[in-house]
Amino acid sequence: DGGITQSPKYLFRKEGQNVTLSCEQNLNHDAMYWYRQDPGQGLRLIYYSQIVNDFQKGDIAEGYSVSREKKESFPLTVTSAQKNPTAFYLCASSIGDRSSYEQYFGPGTRLTVT
Amino acid sequence: AQKVTQAQTEISVVEKEDVTLDCVYETRDTTYYLFWYKQPPSGELVFLIRRNSFDEQNEISGRYSWNFQKSTSSFNFTITASQVVDSAVYFCALSEGSTLGRLYFGRGTQLTVWP
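Protein chains in written order, with our numbering: chain C, 1 to 114; chain F, 115 to 229.
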């Protein structure tokens, strides 16, 4: 079945540690996105990538980093510089970067940092 | 400024009631797209519908219907004869022709349908 996988579903880390969230898609989509969701908030864009080896900052990129070495993979690293990392992280992909394309979402990773 | 406003934070209804979720957007682009997504308790967002700015026809899909009005910058979503399985957070989102691939989300409306 085609889709987006994110692992793990729940992740716990100690403050000061970097952590990498996985996102893989087998939809052959060019564009991929990372969002952060906090309680009572909409989704806020962290980073997006329109094509392999290229990515752009979204609205809240500080304290995060990404790579896009393969079309199907777009991992997100939450660094120790991110002041408030506990949140629900959602990865998405779309066929391309045109504004008409809908985005498809993975199941999300809930990160808790203590 | 918020590009998409969902003023209703939470709505509770009893099964079989009709319910309308409001969405108001703001953009200067003439070409744009509006979306609705559903987020059940599992967390994954499910795509429901996309409308482009040149098509103001209302759309119906089963118990779901959408009313797009450019004059009021609104794209409201109605669920007819609601069911418990409709309980979820619903997000309205905007994509502008000038900002490729970017989706701007509202804060969502938590819908609870009681049996």
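Worth double-checking, as some hints may not be accurate.
Under 8 Å between C-beta atoms, here's a sample of chain F residues computed to sit facing chain C [stated by the list, open to error]:
hint	residue
1	121
2	205
3	215
Pairs of lysine-lysine residues, derived as BS3-like cross-links and limited to a Cα-Cα distance of at most 27 Å, are as follows [to be verified]:
hint	chain 1	residue 1	chain 2	residue 2
4	C	9	F	184
5	C	70	C	57
6	C	83	F	184
7	C	71	C	14
8	F	152	C	57
9	F	152	F	184
Simulated from the structure, these hints should not be mistaken for laboratory data.
Treat the numbers as computed from the prediction; the structure is a model and nothing was measured.
Using N, Cα and C, we set each Cβ at its ideal position, and we do this for glycine too.
Below or equal to 27 Å on CA atoms is what counts here, so check residue 152(F) against residue 57(C).
Within the cut-off at roughly 26 Å; holds.
Holds or violated: are the alpha carbons of residue 83(C) and residue 184(F) at most 27 Å from each other?
violated, 40 Å
Next pair to validate is residue 71(C) with residue 14(C); report whether the Cα-Cα distance is within 27 Å.
Judged against 27 Å, a Cα distance of about 31 Å means the pair is violated.
Does residue 70(C) pair with residue 57(C) here, judged by a C-alpha cut-off of 27 Å?
holds, 18 Å
Is the interface hint for residue 121(F) satisfied, with its Cβ closer than 8 Å to some Cβ of chain C?
violated, 13 Å
Per the CB criterion, is residue 215(F) less than 8 Å away from chain C?
For residue 215(F), the interface hint holds, since the closest Cβ of chain C sits about 4 Å away, which is under 8 Å.
Has the given pair, residue 152(F) with residue 184(F), been kept, meaning a C-alpha gap of at most 27 Å?
Holds, at about 23 Å.
Decide if the proposed pair is consistent with the structure: residue 9(C) and residue 184(F), CA atoms, cutoff 27 Å inclusive.
Cα-Cα ~40 Å, so violated.
Verify the interface restraint on residue 205(F): the C-beta must sit less than 8 Å from at least one C-beta of chain C.
holds, 6 Å
Hint compliance for this structure: hints 1, 4, 6, 7 are broken, all remaining hints hold.
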